[in-house]
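Q: Here is how the chains run, residue by residue.
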Amino acid sequence: MNLPELPPRLAGVFRALRSGRHISRADGPDFLDLERRTPLYEHLFQKLGYTLRHHSQGFYYFEGTGAIRSERMRAALLFLLIIFQDLEERKFNRQDRAWERSLLRNTYKVAELPHFHTAQRRAIMSAVGIEESTLPKVLRFLGSLGVVQVMPDDQFKFLSPVYRFIDLCVRYSDDDKWSTALSAAAPTTTAEADPSSEEDEEELEP
Amino acid sequence: MARSPHDFIRFVAKHYRLLAVMCRENHRFNSDAEIESFVRPFLETGASASLLVARLKDLGVVSQTTGDWTPPPFLARFLADLEHRHALASPGVVRGWVEKLSGLTHRLEELSAGGIPPGADSQLELGAVLDETTDTLSTIAATVGGNCDRIGAEVSRYRAEEDARQMRFRLARLIDLHTNYLEPVLKLIDIGGDFYSVSERVVACCARLATQIAPLSEHPICIAAGTVARDVTWLRRVTLRRAHEAHRELGPLCEAATRESAIARGVNRALETIGVGDWTRLDLDRALQVVSIPDGPLLNDRAAGGYLLALRTYREAPPPLLHAAEPTSMEVPWSAASLREELDREVAVPDVLEWICDRVGRNASDVPAGLLHDLVEAAPECLAVTGPGHRQYKFSAIDLDARVWSWNGAPDA
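Chains as they are written, first to last, in this note's numbering: chain Y, 396 to 601; chain C, 564 to 976.
Quick caveat, the hints were computed from the structure, so don't treat them as lab data.
Be a bit skeptical, because a hint or two may be false.
[Stated by the list, open to error] Pairwise CB distance ranges (calculated):
{"id": "1", "chain 1": "C", "residue 1": "ARG566", "chain 2": "Y", "residue 2": "HIS512", "range": "52 to 58 angstroms"}
{"id": "2", "chain 1": "Y", "residue 1": "GLU458", "chain 2": "C", "residue 2": "ARG580", "range": "55 to 61 angstroms"}
{"id": "3", "chain 1": "Y", "residue 1": "LEU427", "chain 2": "C", "residue 2": "ARG875", "range": "31 to 37 angstroms"}
{"id": "4", "chain 1": "C", "residue 1": "ARG849", "chain 2": "Y", "residue 2": "ARG517", "range": "28 to 34 angstroms"}
{"id": "5", "chain 1": "C", "residue 1": "THR702", "chain 2": "Y", "residue 2": "GLU458", "range": "36 to 42 angstroms"}
[Stated by the list, open to error] Below, a sample of chain Y positions facing chain C; criterion: calculated Cβ distance under 7 angstroms:
{"id": "6", "residue": "ARG413"}
{"id": "7", "residue": "GLY415"}
{"id": "8", "residue": "PHE426"}
{"id": "9", "residue": "GLU458"}
{"id": "10", "residue": "GLY459"}
{"id": "11", "residue": "LEU476"}
{"id": "12", "residue": "PHE479"}
{"id": "13", "residue": "PHE487"}
{"id": "14", "residue": "GLN490"}
{"id": "15", "residue": "ALA493"}
{"id": "16", "residue": "GLU495"}
{"id": "17", "residue": "ILE519"}
{"id": "18", "residue": "SER568"}
{"id": "19", "residue": "ASP571"}
{"id": "20", "residue": "TRP573"}
Predicted, not measured: the structure shown is a model, and the values here were computed from it.
Beta carbons are placed, not taken as given, at the ideal position from N, Cα and C, and that holds for glycine.
Construct the complete structure from the given sequences, taking the supplied hints into account.
A: Written as structure tokens, this is what we have:
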């Protein structure tokens with residue numbers, strides 16, 4: 396393959412990707428350059444031993460194991476899991492009765508996060524060493540990965556790389572080998588609701 | 564006794580399940596005790612069976628005919644119609660209609676194989692088959708269309724619902740409709756499905772019957788076939804369009820709900836696992852790989868990286884010092900190559916071994932003899948044995964008896 400000219404954003408893009416960042420449209424010129432010259436970037440990075448991945452939700456990242464401390468990753472995952480759970484639980488209060496499609500459009504206030512609203516969540520957060528005062532640290536870490544964009548006034552919004560975590564949840568959901576005991580203990584979700592019980596609910600109507 | 568229709572309807576609504584079973588199974592009761600025993604499983608806790616039986620009789624929900632108590636026929640008809648109206652025909656029902664249409668088409672093909680059949684009986688049967696084909700098609704279209712309307716109504720009710728708990732149930736029903744009704748029916752009636760292929764065969768038969776030359780083109784069968792062909796095309800298009808409309812309305816809702824439900828299931832599983840402290844099950848190191856080596860080598864290859872690190876740690880150092888016991892002379896030892904360089908500058912050397920001994924010394928015989936051997940090997944064209952005899956070469960320890968070799972720098976071609 397001929398290399399007529401190196402991409403103009405190569406250094407910045409390489410530095411960001413090596414730091415664990417997921418480059419999405421929010422990264423502006425870096426993303427555009429990656430998108431425009433994907434084959435060239437792939438070729439260059441492959442020769443350096445890196446695998447550039449393009450996610451269907453429109454972002455790029457390096458695949459492979461790295462040196463992110465597992466505690467930080469665990470904290471980030473738990474932070475997001477609780478947000479997803481809360482969004483699912485409250486979706487019927489929303490106009491569109493769904494949350495995933497508007498996930499990237501909405502902004503979220505740190506003060507309104509659900510992580511410390513119940514004793515169970517407080518306990519689980521505490522188990523990974525996150526207190527209310529350290530939530531911004533988790534957000535900053537997610538910001539460095541390109542998963543969230545921290546905004547003024549203690550607000551943030553999700554960027555498309557959050558789909559790596561959503562994919563993970565779907566993967567857990569599709570895992571047939573998951574302990575039946577665990578899945579049985581899990582709260583019933585929308586599709587798992589028993590339609591036959593509706594009749595009883597209907598009778599509650601005046 | 565004057566009865567209030569309002570009270571009657573309220574009672575029917577409140578005890579719908581009881582009455583539906585009573586009417587469906589056409590129960591007849593000989594005594595109050597029998598009625599009480601029948602109604603008991605449907606009673607709420609604490610309610611009195613005898614009071615309910617009395618109310619049944621008061622309102623006329625059961626009436627006495629020929630000695631038995633039974634629901635009046637109008638109520639049985641009303642509930643049956645109601646159930647029929649509010650129950651979606653299953654894909655199996657639609658498939659049944661399509662199979663019936665397939666049978667009719669088969670007969671139509673037999674009867675119309677050679678155009679309009681000559682016999683009056685055959686023509687009569689052909690007319691009947693055409694009529695029944697139209698009826699069956701209309702039934703399929705009405706069934707699918709009606710069901711699609713009900714799906715639309717369900718979607719509207721879901722959108723209008725304000726109670727979160729009710730919404731959850733309505734959504735579950737919509738997912739059920741989408742998965743167990745609409746998708747199988749669409750598969751059946753869409754292009755490539757059974758309904759489509761059967762209706763194509765009907766159109767082909769009708770086309771064969773309708774394209775007759777005058778005076779047969781005025782034949783009632785010919786006209787009927789043309790009408791059926793138009794009906795088939797129109798009904799098929801309308802049916803498919805309505806099903807697709809329903810799918811467009813229901814599809815995105817169900818896809819979103821199913822997907823979010825899957826995510827929620829995964830979230831709950833993960834949280835449950837984290838709750839018991841079993842992080843290994845989540846397999847984060849493999850399932851969520853994130854490269855992060857901001858300060859490492861540029862190359863993401865362990866061997867290459869190690870080599871580069873070794874290079875980076877290289878420091879230039881002077882060569883090691885020689886010990887006192889090491890050789891004192893720094894003279895370069897003689898070699899065949901260095902001797903040859905000198906020999907090349909000579910025109911001729913009559914005794915090469917003597918010439919070598921003059922340079923390397925006579926301490927030992929093996930060095931000059933070895934060098935001579937190397938020279939003979941390296942430049943055989945320049946060396947030649949002089950004369951038939953040998954001569955004595957004196958060395959420190961021994962005398963060496965050897966033939967005399969001469970060097971001629973410009974050998975004859």
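Q: Work down the list of hints and note, for each, if the structure agrees.
A: Here is what the structure says about each hint:
Look at C:ARG566 against Y:HIS512: about 55 angstroms separates their beta carbons, and that is inside 52 to 58 angstroms. Against the hinted window of 55 to 61 angstroms, the Cβ-Cβ separation of Y:GLU458 and C:ARG580 comes to about 57 angstroms, which satisfies the hint. The hinted range of 31 to 37 angstroms is satisfied by Y:LEU427 and C:ARG875, whose Cβ atoms lie roughly 35 angstroms apart. Against the hinted window of 28 to 34 angstroms, the Cβ-Cβ separation of C:ARG849 and Y:ARG517 comes to about 30 angstroms, which satisfies the hint.
A C-beta distance of roughly 56 angstroms is found between C:THR702 and Y:GLU458, which places it outside the suggested range of 36 to 42 angstroms. The restraint placing Y:ARG413 at the interface with chain C holds, with a minimum CB-CB distance near 6 angstroms, inside the 7 angstroms limit. A cut of 7 angstroms between beta carbons decides the hint on Y:GLY415: the least distance to chain C is about 4 angstroms, and the hint holds. Because the smallest distance between the Cβ of Y:PHE426 and any Cβ of chain C comes to about 17 angstroms, over 7 angstroms, the interface hint for this residue is violated.
Below 7 angstroms, beta-carbon pairs count as interface contacts, and Y:GLU458 has one with chain C at about 6 angstroms; its hint therefore holds. Using the Cβ-Cβ criterion of 7 angstroms, the hint placing Y:GLY459 at the interface with chain C is satisfied: the shortest such distance is roughly 5 angstroms. Hint status for Y:LEU476: holds, given a least beta-carbon distance of 5 angstroms to chain C, under 7 angstroms. Satisfaction of the interface hint for Y:PHE479 is found here, the shortest Cβ-Cβ separation to chain C being roughly 5 angstroms, below the 7 angstroms cut-off.
Look at Y:PHE487: its Cβ gets to within about 4 angstroms of chain C, closer than 7 angstroms, so that hint holds up. Checking Y:GLN490 against chain C: minimum C-beta separation of about 10 angstroms lies over 7 angstroms; hint violated. A cut of 7 angstroms between beta carbons decides the hint on Y:ALA493: the least distance to chain C is about 4 angstroms, and the hint holds. Annotation: Y:GLU495 was flagged as interfacial toward chain C, and the flag holds, the nearest CB pair being 5 angstroms apart, inside 7 angstroms.
Interface hint status for Y:ILE519: upheld, as the beta-carbon distance to the closest one in chain C is roughly 6 angstroms, under 7 angstroms. At about 4 angstroms, the closest approach between the beta carbon of Y:SER568 and any beta carbon in chain C falls short of 7 angstroms, and the interface hint on this residue holds. For Y:ASP571, the interface hint is violated, since its Cβ never comes within 7 angstroms of a Cβ in chain C; the closest pair sits about 12 angstroms apart. Because the smallest distance between the Cβ of Y:TRP573 and any Cβ of chain C comes to about 6 angstroms, under 7 angstroms, the interface hint for this residue holds.
The earlier numbered hints that this structure contradicts are 5, 8, 14, 19.
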